[in-house]
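**Q** Going down the list, the protein sequences come from chains A, B and C.
Here this note's numbering is used: the first residue of the first sequence is 1, the next is one more, and so on.
Here this note's numbering is used: the first residue of the second sequence is 1, the next is one more, and so on.
Here this note's numbering is used: the first residue of the third sequence is 1, the next is one more, and so on.
Hints may contain errors.
[Said to hold, decoys possible] Below, computed lysine to aspartate or glutamate pairings styled on EDC-like, alpha-carbon distance capped at 20 Å:
| id | chain 1 | residue 1 | chain 2 | residue 2 |
| --- | --- | --- | --- | --- |
| 1 | B | 57 | B | 135 |
| 2 | B | 82 | C | 123 |
| 3 | C | 143 | C | 96 |
| 4 | C | 54 | B | 220 |
| 5 | C | 54 | B | 80 |
| 6 | B | 115 | B | 203 |
| 7 | C | 54 | B | 223 |
| 8 | C | 192 | B | 99 |
| 9 | C | 101 | C | 123 |
| 10 | C | 190 | B | 99 |
| 11 | C | 190 | B | 45 |
| 12 | A | 122 | A | 390 |
| 13 | B | 57 | B | 203 |
| 14 | B | 67 | C | 186 |
| 15 | B | 82 | C | 186 |
| 16 | B | 174 | B | 144 |
| 17 | C | 54 | B | 112 |
| 18 | B | 174 | B | 189 |
| 19 | B | 115 | C | 123 |
| 20 | B | 115 | B | 92 |
| 21 | B | 67 | A | 397 |
| 22 | C | 143 | B | 223 |
| 23 | B | 230 | C | 48 |
| 24 | B | 230 | B | 220 |
| 25 | C | 54 | A | 390 |
| 26 | A | 229 | A | 397 |
| 27 | B | 225 | C | 186 |
| 28 | B | 67 | B | 100 |
| 29 | B | 82 | C | 55 |
| 30 | C | 192 | B | 222 |
| 31 | B | 32 | B | 135 |
| 32 | B | 115 | A | 125 |
| 33 | B | 199 | B | 99 |
| 34 | B | 57 | B | 112 |
| 35 | C | 54 | B | 222 |
[Claimed, not checked] Short derived list, chain C residues pointing at chain B, Cβ under 8 Å:
| id | residue |
| --- | --- |
| 36 | 28 |
| 37 | 31 |
| 38 | 34 |
| 39 | 38 |
| 40 | 39 |
Read the hints as simulated data drawn from the structure, not as lab findings.
Cβ coordinates follow ideal geometry from the N, Cα and C atoms, glycine included.
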Amino acid sequence: MAGLHNSEFSNPVINWIDTRLPIFTMMQKEYGSFPTPKNFNYFWNFGALATVNLLLMIATGVFLAMNYTPNTSMAFESVQRIMRDVNYGWLLRYLHSNGASMFFIVVYIHIFRGMYYGSYKKPRELLWILGVVILLLMMATAFMGYVLPWGQMSYWGATVITNLFSAIPLVGDSIVTLLWGGFSVDNPTLNRFFSLHYLMPFVLIAVVFLHVAALHITGSNNPLGIDVKTPQDTLPFHPYYTAKDSVGMCVWAMVLAALVFFAPNFLGDPANFIPANPLQTPAEIVPEWYFLPFYAILRSVPDKLGGVSMMFGSIIVLFILPWLDTSPVRSARFRPIYRVLMWVLVIDLLALGAVGAHRPEGIWVVIGRASTAWYFLHFLVLLPLLGKFEKTLPLPDSISQPVLKGGIGGGPLAGAAAAQSMEKN
Amino acid sequence: MRPVALALFAGLLAGPALVPAAFAQDAADLPKQNWSFAGPFGTYDRASAQRGFQVYKEVCSACHSMKLVHYRDLSGIGFDAKQIAAIAATVEVSGGVNDDGEPFNRPGLPSDMFKSPFANDNAARAANNGALPPDQSVLLNAREGGADYIYDLLTGYADPPAGMTMGDGMNYNKYFPGHQIAMGQPLHDDQVVYSDGTKATIEQEARDVTTFLAFVANPEMEERKRLGAKAIIFLALLTGVTYAVKRRVWADVDH
Amino acid sequence: MADSAAATIGHHPPGHGPADGTKRDFLALVAGAGGAVLVGALAWPFIDSMNPSKDVLALSSTDVDISPIPAGSAITVVWRGKPIFVRHRTAKEITEAQNVKVADLIDPSAPATDAERIKAGHEQWLVVIGICTHLGCIPLGNKPTDPRGDYGGWFCPCHGSQYDTAGRVRHGPAPLNLPLPPYAFETDTKIKIG
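Generate the whole structure from the sequences, applying the supplied hints.
**A** And the structure:
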């Protein structure tokens, strides 16, 4: 397939480049004229938001690394030097730490949207799996990044999480020693976590690229969960969704700004302002909020290997979700029982989050176990059964149809306008 | 679907917010104070922070280090270059080694960090009945409850309730977790003499030193909030304009 | 651009006049400009974070005891991470430096006369930043036994630049005289650089 690309761009410079390397044609095809279902709601903002958020994390991270020292004797001080002496260092750091929280909020909503509207179903299974890989990479990156300031929670978080691997029979202890590069979390651990924390985001970028590439093969799902049938069902990505994504980005930036400028330590733990002390564990070890549900699952199982397996299992189960959900209907809009179950799952995860934030005593143990059981029940039992027994609502014939009928999402006036435009075609 | 979606979005944003709130249970019982630096437009009360520095220097610094703070940082609460140089010069710091290879001391400079009262943590423990007085550079951020907690702790010393057995050398404090604190009551009425004539009650001293500790823990706060106000206003306008653009772009689409 | 995109798929409701398009284009322009301002404003903190930080700027002065420097020799002290040559000049070196005509210099820009390059009353002391103005090497010549070039000052081993006893470049390729750091005599035997 050698040969120059026949570029349609009129600008001579762009044409010259595009003839030899058709990146402009590609951009135009994938982000300009790319046919996108016309009925997206604002939930479809979150993929773009996550991409922007990742880029912000990389940019702030690279500049923070210019002033950070990955050595146990200097890490804490070097972070404080960034906060106090480096020009706008406090801004870069707070953007990075709160940006991590925003990244998880955005991605969790993005995952919820994928589940609610059945975006993981055929033919988008691989797209979904790549997404779960992104989630796992994010978690690993966030965990290692949290160790770098070398506060008390950094140190003890690293100790507890790396010790999870000691639950593996036979080789567990050797793996932990390997991770640590010693016999406790120490300088070699910090040094390698810094190296990997710097590397992983670029791996993330690569997987995000695959995720988007897979998306552009299958095309986007939509709130109705039905396939695009005619050109009337779609709009070019630009300007319609560039404009709509921009609105979401502004709102996202405002939320982030509110956190960074007015409550920068709101989501953090005060204990991380105490330098790491290997001889004294803080009264309560809690991970950052975005890990709390998984931490709750870990603690809800009164067996070391069992807890670790369940915690990793709670993510692994997402990989096989496309095959656990046997219903042919994608969108929860037409699945009355599934819709209820989705909201129950959200409540379940919020409950797990609360459990993770409290000492495992009294009622919290009960809630933790019940919520953990429900989580797995949802995915492993209810979803497979639901596909067989749930009576789904009738699906519209096309994405344009509900609009024409003036049904879901549009008023009668919108329907009339649509009818007119149909006539024109 | 739209209201539900908005509710969900709000819920997911609020969800993580509830978590620290759940943690702050204990902190919720702390009596609250009005702080000059609270709120989106709060600034450090310069006079109070300067008095607080005096309290730190004359009282706290006997045991507590402040290793991350430099004398030059005092410009942030209104000391001028001359005052800072004079303050720094009151301490002797190591000047490294001279040309003969002998260690020597020199007077402190504004670029030096606050001199620690003890050479190392072991010396600090040995002098304090085995307890290590924590470094105060970011102490305010490192405690649940922040400024309120520090203030309440400093003013919360009392006689132990009847029937409570106190550990050897421990002191009763209403707000310290467990109520037994190794640090003896540090502040009393007229512990310091304020040069600006402010009456040095224990409450005043606690308020001043807390303001100073808030400043050293978050010296960037005033700049941060100033920049934040601009950022939020700008982003709000941009959100409005962007939303208007989106409405216009979508005006001819039935959806 | 929005119009053309809409036109291609035929969503052009009647009554959509040019006035509408103008208003939309204007709004899009405002939004685009706003986005550009936002990106620009966000870029500045990143760039500025690479400038010298407060702790670096704070270490801006160095005290030097000059009494142990023998005549004819120089010592190197560090100021802001740079080598500073403090040279105790002999009477002969001072005379040589004073007798040079500014017009003969490669770099005649001020401070070029010997009087401009020292502090009045302290003619025997020359304080210069010891970095060759060619490509940043450190010239030789602090010890009397070092190579000092044809002009008795300093000789840069990298590309052969030569400086005289007032630190002025006399033989290329260096284009400029050795710069002077800000300094002052605290006493006759102590200077404060910075």
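**Q** Each hint: holds or not?
**A** Structure-based check of each hint:
1. The hinted pair formed by residue 57 (chain B) and residue 135 (chain B) meets the criterion: a straight-line CA distance of about 14 Å does not exceed 20 Å.
2. For the suggested pair residue 82 (chain B) and residue 123 (chain C), the alpha carbons sit about 31 Å apart, so the restraint of at most 20 Å is broken.
3. Using a Cα cut-off of 20 Å, the hinted pair residue 143 (chain C) and residue 96 (chain C) holds, with the two alpha carbons roughly 18 Å apart.
4. Between residue 54 (chain C) and residue 220 (chain B), the direct Cα distance comes to roughly 13 Å. Compliance with the 20 Å bound is thereby established for this hinted pair.
5. With a C-alpha separation of about 16 Å, the suggested pairing of residue 54 (chain C) with residue 80 (chain B) holds against the 20 Å cut-off.
6. Using a Cα cut-off of 20 Å, the hinted pair residue 115 (chain B) and residue 203 (chain B) is violated, with the two alpha carbons roughly 27 Å apart.
7. Between residue 54 (chain C) and residue 223 (chain B), the direct Cα distance comes to roughly 15 Å. Compliance with the 20 Å bound is thereby established for this hinted pair.
8. Simply put, residue 192 (chain C) and residue 99 (chain B) have alpha-carbon atoms about 17 Å apart, close enough for the 20 Å limit, and the pair holds.
9. Restraint check for residue 101 (chain C) and residue 123 (chain C): the C-alpha separation of about 18 Å stays at or below 20 Å, so the hint holds.
10. Restraint check for residue 190 (chain C) and residue 99 (chain B): the C-alpha separation of about 15 Å stays at or below 20 Å, so the hint holds.
11. Distance hint between residue 190 (chain C) and residue 45 (chain B) is unfulfilled; the C-alpha atoms sit about 41 Å from each other, more than 20 Å.
12. The hinted pair formed by residue 122 (chain A) and residue 390 (chain A) meets the criterion: a straight-line CA distance of about 19 Å does not exceed 20 Å.
13. Annotation: proposed proximity of residue 57 (chain B) to residue 203 (chain B) holds, straight-line Cα distance about 18 Å (limit 20 Å).
14. Restraint check: the Cα-Cα separation between residue 67 (chain B) and residue 186 (chain C) comes to about 31 Å, which exceeds 20 Å; the hinted pair is violated.
15. Restraint check for residue 82 (chain B) and residue 186 (chain C): the C-alpha separation of about 17 Å stays at or below 20 Å, so the hint holds.
16. Annotation: proposed proximity of residue 174 (chain B) to residue 144 (chain B) holds, straight-line Cα distance about 15 Å (limit 20 Å).
17. Between residue 54 (chain C) and residue 112 (chain B) the CA atoms are separated by roughly 12 Å; this keeps the pair inside 20 Å, and the hint holds.
18. Distance check on the hinted pair: residue 174 (chain B) and residue 189 (chain B) sit about 19 Å apart at the alpha-carbon level, within 20 Å; holds.
19. Between residue 115 (chain B) and residue 123 (chain C), the direct Cα distance comes to roughly 40 Å. Violation of the 20 Å bound is thereby established for this hinted pair.
20. Taking the CA atoms of residue 115 (chain B) and residue 92 (chain B), the gap is near 8 Å; set against the 20 Å cutoff, the hint holds.
21. For the given pair, residue 67 (chain B) sits about 70 Å from residue 397 (chain A) by alpha-carbon distance, which is inconsistent with the 20 Å threshold.
22. Between residue 143 (chain C) and residue 223 (chain B), the direct Cα distance comes to roughly 51 Å. Violation of the 20 Å bound is thereby established for this hinted pair.
23. Using a Cα cut-off of 20 Å, the hinted pair residue 230 (chain B) and residue 48 (chain C) holds, with the two alpha carbons roughly 19 Å apart.
24. Taking the CA atoms of residue 230 (chain B) and residue 220 (chain B), the gap is near 16 Å; set against the 20 Å cutoff, the hint holds.
25. About 65 Å separates the Cα atoms of residue 54 (chain C) and residue 390 (chain A), which puts this hinted pair outside 20 Å; it is violated.
26. Pair hint residue 229 (chain A) plus residue 397 (chain A) holds up; C-alpha atoms about 9 Å apart against a cutoff of 20 Å.
27. At roughly 43 Å between alpha-carbon atoms, residue 225 (chain B) and residue 186 (chain C) are farther apart than 20 Å, so this suggested pair is violated.
28. Taking the CA atoms of residue 67 (chain B) and residue 100 (chain B), the gap is about 29 Å. The hint is violated against a cut of 20 Å.
29. Of the pairs offered as hints, the one joining residue 82 (chain B) and residue 55 (chain C) holds, with about 18 Å between alpha carbons and a cut-off of 20 Å not exceeded.
30. Distance hint between residue 192 (chain C) and residue 222 (chain B) is unfulfilled; the C-alpha atoms sit about 34 Å from each other, more than 20 Å.
31. In summary, the hint linking residue 32 (chain B) to residue 135 (chain B) is not supported, as the alpha carbons are separated by about 24 Å, beyond the 20 Å threshold.
32. Taking the CA atoms of residue 115 (chain B) and residue 125 (chain A), the gap is about 61 Å. The hint is violated against a cut of 20 Å.
33. Under the criterion of a C-alpha separation no larger than 20 Å, the hint pairing residue 199 (chain B) with residue 99 (chain B) is inconsistent with the structure, at around 50 Å.
34. Using a Cα cut-off of 20 Å, the hinted pair residue 57 (chain B) and residue 112 (chain B) holds, with the two alpha carbons roughly 15 Å apart.
35. Pair hint residue 54 (chain C) plus residue 222 (chain B) holds up; C-alpha atoms about 17 Å apart against a cutoff of 20 Å.
36. Taken as an interface hint, residue 28 (chain C) checks out: its beta carbon lies about 5 Å from the nearest beta carbon of chain B, inside 8 Å.
37. Hint on residue 31 (chain C) holds. Least Cβ distance to chain B is approximately 5 Å, under the 8 Å limit.
38. Contact between residue 34 (chain C) and chain B, as hinted, is supported at the beta carbon level, the nearest pair being about 4 Å apart and thus within 8 Å.
39. Nearest Cβ of chain B to the Cβ of residue 38 (chain C): about 7 Å, under the 8 Å cut. The hint holds.
40. The interface hint given for residue 39 (chain C) is violated, since its Cβ lies 11 Å from the closest Cβ of chain B, which is over the 8 Å cut-off.
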